[in-house]
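For the sequence shown, the numbering used here assigns the number 833 to the initial residue and increments by one for each residue that follows.
Keep in mind that the hints are not guaranteed to be accurate.
As the list claims (entries may be wrong) - Using 27 Å as the maximum straight-line C-alpha spacing, the simulated DSSO-like pairs for lysine-lysine come out as follows:
{"no.": "1", "residue 1": "K864", "residue 2": "K886"}
{"no.": "2", "residue 1": "K852", "residue 2": "K886"}
{"no.": "3", "residue 1": "K852", "residue 2": "K864"}
{"no.": "4", "residue 1": "K886", "residue 2": "K858"}
{"no.": "5", "residue 1": "K886", "residue 2": "K859"}
To be verified - Beta-carbon label-pair distances, calculated as ranges:
{"no.": "6", "residue 1": "S851", "residue 2": "S905", "range": "31 to 37 Å"}
{"no.": "7", "residue 1": "G897", "residue 2": "K864", "range": "15 to 21 Å"}
{"no.": "8", "residue 1": "T902", "residue 2": "R855", "range": "34 to 40 Å"}
{"no.": "9", "residue 1": "P849", "residue 2": "D922", "range": "24 to 30 Å"}
{"no.": "10", "residue 1": "M923", "residue 2": "P849", "range": "38 to 44 Å"}
{"no.": "11", "residue 1": "E899", "residue 2": "K852", "range": "35 to 41 Å"}
Treat the hints as calculated values from the structure; they're not laboratory data.
The structure presented is a predicted model; accordingly, all values stated were derived computationally and were not measured.
Here a beta-carbon is modelled for each residue, glycine too, at the ideal position from N, C-alpha and C.
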Amino acid sequence: FRPTYLTNDENFDDDRPLSKNRRNLKKWLGRKIRVVLHSQRILIGTFSCTDRDKNVVLSNCGIFGPESDTPISVGMFIVAGHQIASISVDMPA
Numbered sequence: 833f834r835p836t837y838l839t840n841d842e843n844f845d846d847d848r849p850l851s852k853n854r855r856n857l858k859k860w861l862g863r864k865i866r867v868v869l870h871s872q873r874i875l876i877g878t879f880s881c882t883d884r885d886k887n888v889v890l891s892n893c894g895i896f897g898p899e900s901d902t903p904i905s906v907g908m909f910i911v912a913g914h915q916i917a918s919i920s921v922d923m924p925a
């Protein structure tokens, strides 16, 4: 097993070609994303990483409850993949 590292660090050297899905994940690094959970909570934060189990790590994360307009700031947050209903990424036009 040889792990695949996705980073936007220009000094990191990994000459292996990436699949289309991994190229998309690399574009998402450092972008603001919105994660909707099955419990109707909404998480908004910066996409930091993911793993093969579809868990997602967000930094600078805020959590909105189903009836709340004010986020609870939690900083770094790990979202279990099985709890995720949808993800949207804020990409430049």
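Here is what the structure says about each hint:
1. Note on K864 and K886: the hinted pairing holds, with a Cα-Cα distance of about 17 Å set against a maximum of 27 Å.
2. Straight-line distance between C-alpha atoms of K852 and K886 comes to about 17 Å, which keeps the hinted pair within the 27 Å bound.
3. A distance of roughly 20 Å separates the Cα atoms of K852 and K864; the hinted pair therefore holds under the 27 Å criterion.
4. Note on K886 and K858: the hinted pairing holds, with a Cα-Cα distance of about 15 Å set against a maximum of 27 Å.
5. Between K886 and K859 the alpha-carbon distance is near 17 Å, which keeps this suggested pair within the 27 Å criterion.
6. Checking the proposed 31 to 37 Å range against S851 and S905 shows it holds: the Cβ atoms sit about 35 Å from each other.
7. The hint said 15 to 21 Å for the Cβ distance between G897 and K864, and at roughly 20 Å that hint holds.
8. The supplied range of 34 to 40 Å is met by T902 and R855, whose beta-carbon atoms lie about 36 Å from each other.
9. At roughly 27 Å, the beta carbons of P849 and D922 sit within the given window of 24 to 30 Å.
10. Checked against the hint of 38 to 44 Å, the C-beta distance between M923 and P849 comes to roughly 22 Å, which is inconsistent with it.
11. Hint check: E899 to K852, Cβ distance near 39 Å, so the stated range 35 to 41 Å holds.
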